[in-house]
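**Student:** Take a look at the letters that make up each chain.
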Amino acid sequence: MANIAAIPGNLPGARRVNGVWRALGTARRYPIFPVAILLFVLVLPAIFANWVAPHSPTVGSLSNRLVPPFWVAAEGEGIYATPGGTTEHLLGTDKQGRDILSRIIYGARVSLTVAAISIFLAGLVGTTLGLIAGYFGGNIDHLVMRAVDICLSMPAILFALVLAVVLGPSFQTVIIVIVSIFWSRYARLVRGETLGIKSQDFVARSRVAGASNLRIISRHIFPNIVNTIIVLATLEVGQVILLEATLSFLGAGLPRPTPAWGLMIANGRELLVTAWWVAAMPGVAILLSVMSMNLLGDWLRDRLDPKLRNV
Amino acid sequence: MQRFIMIRMFHSIIALVAVSMIVFGLGRLSGNPLDTLLDVDATAEDYARVSAYWGLDQPLHIQYLTYIGNMARGRFGESIRFPGQDAGALLWGRLPATLELAAIALVVSALIAVPLGVIVAVKKDTGIDLAGKMIALMGQSLPNFWLALMLMWVFAVNLEWLPTSGRGSWRHMIMPGVALGYFQVAALMRLTRSSMLEVLDTEYVKLARIKGLKEGWVIWKHCLRNALIAPITYFGLILGGAMTGSVVIESIFTWPGVGLLAIDALRAKDFQVVQSVVIFFAAIYIAANLLVDVLYAYLDPRIRYTH
Chain Y
1 MANIAAIPGN LPGARRVNGV WRALGTARRY PIFPVAILLF VLVLPAIFAN
51 WVAPHSPTVG SLSNRLVPPF WVAAEGEGIY ATPGGTTEHL LGTDKQGRDI
101 LSRIIYGARV SLTVAAISIF LAGLVGTTLG LIAGYFGGNI DHLVMRAVDI
151 CLSMPAILFA LVLAVVLGPS FQTVIIVIVS IFWSRYARLV RGETLGIKSQ
201 DFVARSRVAG ASNLRIISRH IFPNIVNTII VLATLEVGQV ILLEATLSFL
251 GAGLPRPTPA WGLMIANGRE LLVTAWWVAA MPGVAILLSV MSMNLLGDWL
301 RDRLDPKLRN V
Chain L
1001 MQRFIMIRMF HSIIALVAVS MIVFGLGRLS GNPLDTLLDV DATAEDYARV
1051 SAYWGLDQPL HIQYLTYIGN MARGRFGESI RFPGQDAGAL LWGRLPATLE
1101 LAAIALVVSA LIAVPLGVIV AVKKDTGIDL AGKMIALMGQ SLPNFWLALM
1151 LMWVFAVNLE WLPTSGRGSW RHMIMPGVAL GYFQVAALMR LTRSSMLEVL
1201 DTEYVKLARI KGLKEGWVIW KHCLRNALIA PITYFGLILG GAMTGSVVIE
1251 SIFTWPGVGL LAIDALRAKD FQVVQSVVIF FAAIYIAANL LVDVLYAYLD
1301 PRIRYTH
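Protein sequence lines correspond, in order, to chains Y and L.
Oh and the first sequence: position 85 is 85 in my numbering, straight run, nothing missing.
In my numbering, each residue's number is its place in the second sequence (first place is 1) plus 1000.
In case anyone wonders, no lab produced these hints; they're calculated from the structure.
Computed from a predicted model, the values in this text were never measured in an experiment.
Accuracy of the hints is not assured; some may be wrong.
Stretch by stretch, here's where chain L covers chain Y in the computed footprint (C-beta under 8 Å, at least three residues) [to be verified]:
#, stretch
1, 137 to 150
2, 201 to 209
3, 242 to 254
Pulled a few chain Y residues facing chain L out of the computed Cβ check, cut under 10 Å [unchecked claim]:
#, residue
4, Tyr30
5, Pro31
6, Gln239
7, Pro257
8, Gly262
9, Ile265
10, Val290
Glycine included, C-beta positions come from ideal geometry on N, C-alpha and C.
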């Protein structure tokens, strides 16, 4: 349907609306906001945490316990008095007097590291198995696809909790859990793509020309699915961050006192009545980074691989 | 068609068996259950007696086969935390609460997603379209446990409108339902939007407009009824997702469902219950997928032959 306000001269304020419209249009064509948010919430803090963070993420001072964010004013009198926020601790402090902003900044590093390592490993395993299954077919295809079925039907969070009890909560456990769930999505997608490409003429010709299987897979098939893999990986960063946060929240992810966002929210759970900011702030960080990662992924998908609409 | 269903069922059974093996193996890897069952001052005789009672003196594969055999007869194994109670009975007892929560979540997500999807489709490529997409995307980007805590803070701690936890009146349902249902909004809204767009483009909608029907009537009656088919087929998968997602939400709102049972059992190292719940959830997921696959194969004959 045509937008009436967008037709010049139709309404008194048409020109201005048009300008806003164009800006919105640009913002939709290029993921400017998501990328900016990603940079400032996730990537830059993760890389430069040591320089950017105003305080230590693990050492607090007990005299500064539960200081509210800077915009909250002091309240009450006598023994009921609650302190106001200070610019010393912009987002306040937690029960141990640790600066929440600094912990969020270091938490970005934790989230990003977990996401990068697990997505790389899951992509590596899934892509390799998917290529092999799709290219060779037969029994090995059946084997891989059954394994994919099994992994997809595992209830992710419960499975992760069981694994965390067995292996003990640690960085490695989180990676193992995420990789063992996420590899299957790559495998399924890559297998499907490989099946399609395998039947095309240029693959048959290179086989006639004497190319080995390895060469066909690595030089002819893989370059054709690399976009798909990149799109899927981008779309999954957000999901991995969410899963890691959920696991940490439930005590099955990263061990204390790691400044993981999920753990920080767990710390704030029992303080909800007295100090809402302890739980609220890390959640905002998760929301911003996951949302902008999803927006970036959507944009990449439309650009690189519109077939993936349903992923 | 029959062949296709047979093959898919066979695959489903393989997956279920494999899940049960993995969970069973993990349960045994987590340490000797006797250590949690017995006191520190238990004698070697006590150990022998109790391990014979639980069948733990048998080789692992015999234990597994016994477990599966009992399960086929409806016995999921005695709970370690609640002696004398069968894990299956505990699970069935908690199931209505979880189903209730999943149903509320479904209703919440449908109530948000369907109207939103319609509006967004009608106002395609405008600011409203963008805003609607953002609302849906936010649901996919929020950690549901955080949303749950924030709802609690606003509606239970500050406004004191809703109770913080437990199950009972309709007021108990709102926060868990929203926290669990909001995540599904994005997928459901996209489906509604795309099928609405298709319907809006058809001849009979043009006819309805030419006839001079009111625009609202055309959209909400003629279009929506036809556009709802796709989202409704998707409901089955959402139900599966809502049930497994209930683990976190139930533990926050102490909603007495299967998820809370699993978390409590895990903390108490009650692996009989844990493995029953995992296998049960996996079975639901597998069954839902099987159903959807068969349905699609029924509707679209091409699928039957490519398998």
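**Student:** Give a verdict on every hint.
**Tutor:** Status of each hint after checking the structure:
no., hint, verdict
1, 137 to 150, "holds (count 3)"
2, 201 to 209, "violated (count 0)"
3, 242 to 254, "holds (count 5)"
4, Tyr30, "violated, 14 Å"
5, Pro31, "violated, 12 Å"
6, Gln239, "holds, 9 Å"
7, Pro257, "violated, 20 Å"
8, Gly262, "holds, 7 Å"
9, Ile265, "holds, 6 Å"
10, Val290, "holds, 4 Å"
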